[in-house]
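Sequence order for the protein chains is V and W.
In case it helps, this note's numbering puts the first sequence at residues 1 to 400.
In case it helps, this note's numbering puts the second sequence at residues 401 to 800.
Fair warning: there could be bad hints in the mix.
Derived SDA-like pairs (lysine to any residue); straight-line CA-CA distance at most 20 Å [unchecked claim]:
#1 K505/W - T534/W
#2 K537/W - P94/V
#3 K638/W - T618/W
#4 K13/V - D452/W
#5 K80/V - D449/W
#6 K413/W - Y101/V
#7 K709/W - I686/W
#8 K46/V - I411/W
#9 K484/W - Y101/V
#10 K415/W - K13/V
#11 K480/W - L47/V
None of these hints come from the bench; they were simulated from the model.
2 protein chains.
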Amino acid sequence: MKFGGTSVADIRKIKNVASIINKSYKKYKLVVVLSAMAGATNDLQKLIDQIDYPSSKENDLVLTSGEQVTVGLLSMVLNKMKIKSIPLLGWQVPIITDSSYEKAKILNINKDNILKYLAEYDVVVLAGFQGINTEGKITSIGRGGSDTTAVAIASSLKADRCDIFSDVEGVYSSDPNIVINAKKIDKISYEEMLEMSSMGAKVLHTRSVELAMKNNLTLQVLSSLTNQEGTFIVNEKKLIEKEVVSGVSYSKNESKITISGIPDKPGIAAKIFRILSRNNINIDMIVQNISQDGISANLTFTVLKKDMKISKNLLEKNSEKILYKQLSINSEVAKISVIGMGMMSQSGVAEKMFQTLADQQINILAISTSEIKISVLIEEKYTNNAVNSLHSAYRLGFNN
Amino acid sequence: MKFGGTSVADIRKIKNVASIINKSYKKYKLVVVLSAMAGATNDLQKLIDQIDYPSSKENDLVLTSGEQVTVGLLSMVLNKMKIKSIPLLGWQVPIITDSSYEKAKILNINKDNILKYLAEYDVVVLAGFQGINTEGKITSIGRGGSDTTAVAIASSLKADRCDIFSDVEGVYSSDPNIVINAKKIDKISYEEMLEMSSMGAKVLHTRSVELAMKNNLTLQVLSSLTNQEGTFIVNEKKLIEKEVVSGVSYSKNESKITISGIPDKPGIAAKIFRILSRNNINIDMIVQNISQDGISANLTFTVLKKDMKISKNLLEKNSEKILYKQLSINSEVAKISVIGMGMMSQSGVAEKMFQTLADQQINILAISTSEIKISVLIEEKYTNNAVNSLHSAYRLGFNN
Chain V
1 MKFGGTSVAD IRKIKNVASI INKSYKKYKL VVVLSAMAGA TNDLQKLIDQ
51 IDYPSSKEND LVLTSGEQVT VGLLSMVLNK MKIKSIPLLG WQVPIITDSS
101 YEKAKILNIN KDNILKYLAE YDVVVLAGFQ GINTEGKITS IGRGGSDTTA
151 VAIASSLKAD RCDIFSDVEG VYSSDPNIVI NAKKIDKISY EEMLEMSSMG
201 AKVLHTRSVE LAMKNNLTLQ VLSSLTNQEG TFIVNEKKLI EKEVVSGVSY
251 SKNESKITIS GIPDKPGIAA KIFRILSRNN INIDMIVQNI SQDGISANLT
301 FTVLKKDMKI SKNLLEKNSE KILYKQLSIN SEVAKISVIG MGMMSQSGVA
351 EKMFQTLADQ QINILAISTS EIKISVLIEE KYTNNAVNSL HSAYRLGFNN
Chain W
401 MKFGGTSVAD IRKIKNVASI INKSYKKYKL VVVLSAMAGA TNDLQKLIDQ
451 IDYPSSKEND LVLTSGEQVT VGLLSMVLNK MKIKSIPLLG WQVPIITDSS
501 YEKAKILNIN KDNILKYLAE YDVVVLAGFQ GINTEGKITS IGRGGSDTTA
551 VAIASSLKAD RCDIFSDVEG VYSSDPNIVI NAKKIDKISY EEMLEMSSMG
601 AKVLHTRSVE LAMKNNLTLQ VLSSLTNQEG TFIVNEKKLI EKEVVSGVSY
651 SKNESKITIS GIPDKPGIAA KIFRILSRNN INIDMIVQNI SQDGISANLT
701 FTVLKKDMKI SKNLLEKNSE KILYKQLSIN SEVAKISVIG MGMMSQSGVA
751 EKMFQTLADQ QINILAISTS EIKISVLIEE KYTNNAVNSL HSAYRLGFNN
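Turn these sequences into a full structure, and let the hints guide you.
Set out below in structure tokens:
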């Protein structure tokens with residue numbers, strides 16, 4: 001079980017976590033992974049920001065203090081309820097990571113130590129987000145990393161399941177803030193979940209889903225506040241009866257860059273993307289088309305909004321190498337995705353998407369497809385309209 | 401150097417600490433011991449109090465998270481100033497303690513590890529208050545324990561000096577809140593300092609003074625806000641020219657208990673004190689006198705105010721064993737002490753104390769003496785008057 005910051009935000013909520021544990025600890029041996037109290041890590045980050053000197057080793061040391069508080073408090077509450085528990089920090093397990101401070105990778109977990117404690121105690125309460133490197137320094141596995149800690153521990157112990165508790169009831173067919181009848185999904189495949197979370201469905205840390213997929217570990221995303229089943233994230237083989245499309249998601253994190261009038265010869269696109277990738281800028285959707293004069297081409301692609309400015313500078317600085325006529329950028333765009341396992345083997349999914357958008361007079365600026373996803377780039381102002389129309393068209397809502 | 405919670409209460413103050421370090425680090429190799437930010441430990445204690453389940457192991461785990469924040473932040477600031485530093489937690493040194501959670505004793509410090517870091521870095525920044533026991537669990541050495549950490553580290557490294565920075569400028573001849581011309585003392589012996597701090601002069605943790613005395617380590621108590629020398633606490637042999645009386649202190653922490661009409665025969669006092677000591681109640685001032693009938697005696701003694709109620713209950717419950725006539729208690733008392741090395745070999749110190757109080761019409765309820773202290777118990781309402789009169793009588797003020 002993993003509980004996020006909002007589930008351990010105060011003593012009342014920590015007692016609620018203890019009551020959830022109380023319902024299960026006689027049936028299962030439990031490892032409970034906790035985040036810091038909601039807000040605590042942000043407060044520490046604000047102190048760090050006042051110093052304005054990036055030094056990731058010290059960052060990790062400061063930021064990992066928050067879970068020490070919550071594991072101690074929960075363990076106290078459990079002891080009071082006569083549930084035998086032991087709190088453990090990352091270095092006490094130990095959870096060995098590499099030395100990439102602020103985004104460390106877990107290299108090894110001392111499983112035997114955890115099993116030893118599980119034999120002696122009802123519940124092991126573990127600090128998420130943190131580890132220790134081989135030099136004995138504290139590392140963090142990045143913001144939101146407690147999900148990854150939980151999945152790594154569950155995988156290493158070959159747990160029956162890993163339940164991720166937060167303040168949402170599961171994964172939805174679309175963002176409930178903009179689609180009124182968005183429906184909680186009962187079961188979803190790892191791959192679909194990955195597409196969902198990469199699109200900003202902030203239910204799960206992406207790395208944790210990848211890790212669960214690799215280890216074939218069943219995840220459940222559920223709320224610590226209601227007493228209901230959440231969304232199970234499983235191997236696709238376990239999805240017997242399955243809708244073709246599971247959800248519609250969107251992202252406003254990207255900007256569109258169009259380079260016009262580049263020579264239409266091999267290697268130019270590669271040259272452009274090499275310049276960007278060398279500067280750690282990832283490119284997402286790409287469309288290349290020949291311009292009307294038949295000699296030069298246009299190239300359109302998207303980068304993350306935060307990388308837009310530096311991308312523009314890099315392209316301008318290298319204008320002599322690339323030999324383009326014009327560079328235009330647009331940040332007022334949104335990427336809309338339809339996600340579903342096996343949609344490629346089912347005809348008509350893409351057609352329905354394009355037709356639905358056309359019916360709404362929404363122009364498509366770029367398209368990209370994968371095995372389980374079709375994404376289109378549109379003007380940002382049409383986001384709500386597009387997401388709602390697609391959600392209805394695929395009959396994803398609870399009253400369809 | 402040790403900096404208390406008020407000296408690291410925010411980033412501005414942490415930068416001030418860094419500037420103090422900046423003045424010294426080229427002259428000395430420095431180990432800097434920090435407390436948690438002022439208020440941080442209290443905030444954590446409030447969370448613990450809401451659970452209302454004393455479990456000292458978890459208490460220590462939660463409370464020791466505060467120093468992790470300050471050592472990380474100070475190290476960041478120092479790095480920014482190009483002062484090479486490394487932050488260390490108790491378990492990273494390690495500082496090995498016994499397993500008396502909440503009041504652990506330091507058993508061993510890995511000095512070689514600290515020396516290794518001192519060779520590589522300009523400054524080692526160390527979390528105070530915390531250690532680790534042989535089971536690998538985090539322990540704390542009690543509230544205010546960072547002083548003790550600093551002295552233990554300095555002793556183990558055979559440091560030239562241990563400077564304890566706080567928000568006071570040193571040790572005063574009396575409480576400046578009630579004696580207007582109380583004077584900062586330049587030098588004082590360990591023994592005098594011990595008497596001062598046991599009387600409530602909250603400049604230093606008592607254990608830290610005992611440890612410094614044992615290791616003959618010179619301490620300096622000074623302010624992190626002014627750029628001035630503080631009070632040096634030294635071996636008495638280093639006190640060449642020395643006033644007989646160094647200070648006048650007071651305590652309102654005690655209550656007086658009088659048991660009248662007890663049989664005047666051997667063993668009764670021992671019986672009474674055994675009952676109390678078995679319940680961990682310490683007795684301080686004791687006066688026994690024969691009552692007028694010549695057969696029975698009266699016994700007067702003081703206990704800490706917090707132990708008063710339980711002492712009364714215990715004595716009443718055991719009234720048949722002790723066979724007393726009457727039990728009376730008084731919490732409106734104050735203990736006034738005159739402290740000075742070698743006062744016993746100097747005639748007239750005690751006489752001057754009694755005469756001064758008599759001149760003020762202040763009645764003495766009990767007296768106790770030691771090598772370096774004379775204490776009297778008086779009615780609490782006379783405290784200010786008594787302290788000021790004595791401070792003048794011994795000419796301790798700065799305009800005497």
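Consistency of the hints with the structure:
Taking the CA atoms of K505/W and T534/W, the gap is near 12 Å; set against the 20 Å cutoff, the hint holds. Between K537/W and P94/V the alpha-carbon distance is near 13 Å, which keeps this suggested pair within the 20 Å criterion. The straight-line distance between the Cα atoms of K638/W and T618/W is roughly 10 Å, inside the 20 Å bound, and the hint therefore holds. A threshold of 20 Å between alpha carbons decides the hint, and for K13/V with D452/W the separation of about 15 Å falls inside it, so the pair holds.
The suggested pairing of K80/V with D449/W holds, with an alpha-carbon distance near 13 Å, which does not exceed 20 Å. Taking the CA atoms of K413/W and Y101/V, the gap is near 27 Å; set against the 20 Å cutoff, the hint is violated. This hinted pair checks out: K709/W and I686/W have alpha carbons roughly 18 Å apart, not beyond 20 Å. Only pairs whose Cα atoms come within 20 Å are accepted, and K46/V paired with I411/W is accepted, the gap being roughly 10 Å.
Proposed proximity of K484/W and Y101/V is supported: the alpha carbons are some 18 Å apart, at most 20 Å. For the given pair, K415/W sits about 36 Å from K13/V by alpha-carbon distance, which is inconsistent with the 20 Å threshold. A distance of roughly 15 Å separates the Cα atoms of K480/W and L47/V; the hinted pair therefore holds under the 20 Å criterion.
In terms of the numbered hints stated before, the structure departs from hints 6 and 10, listed from lowest to highest.
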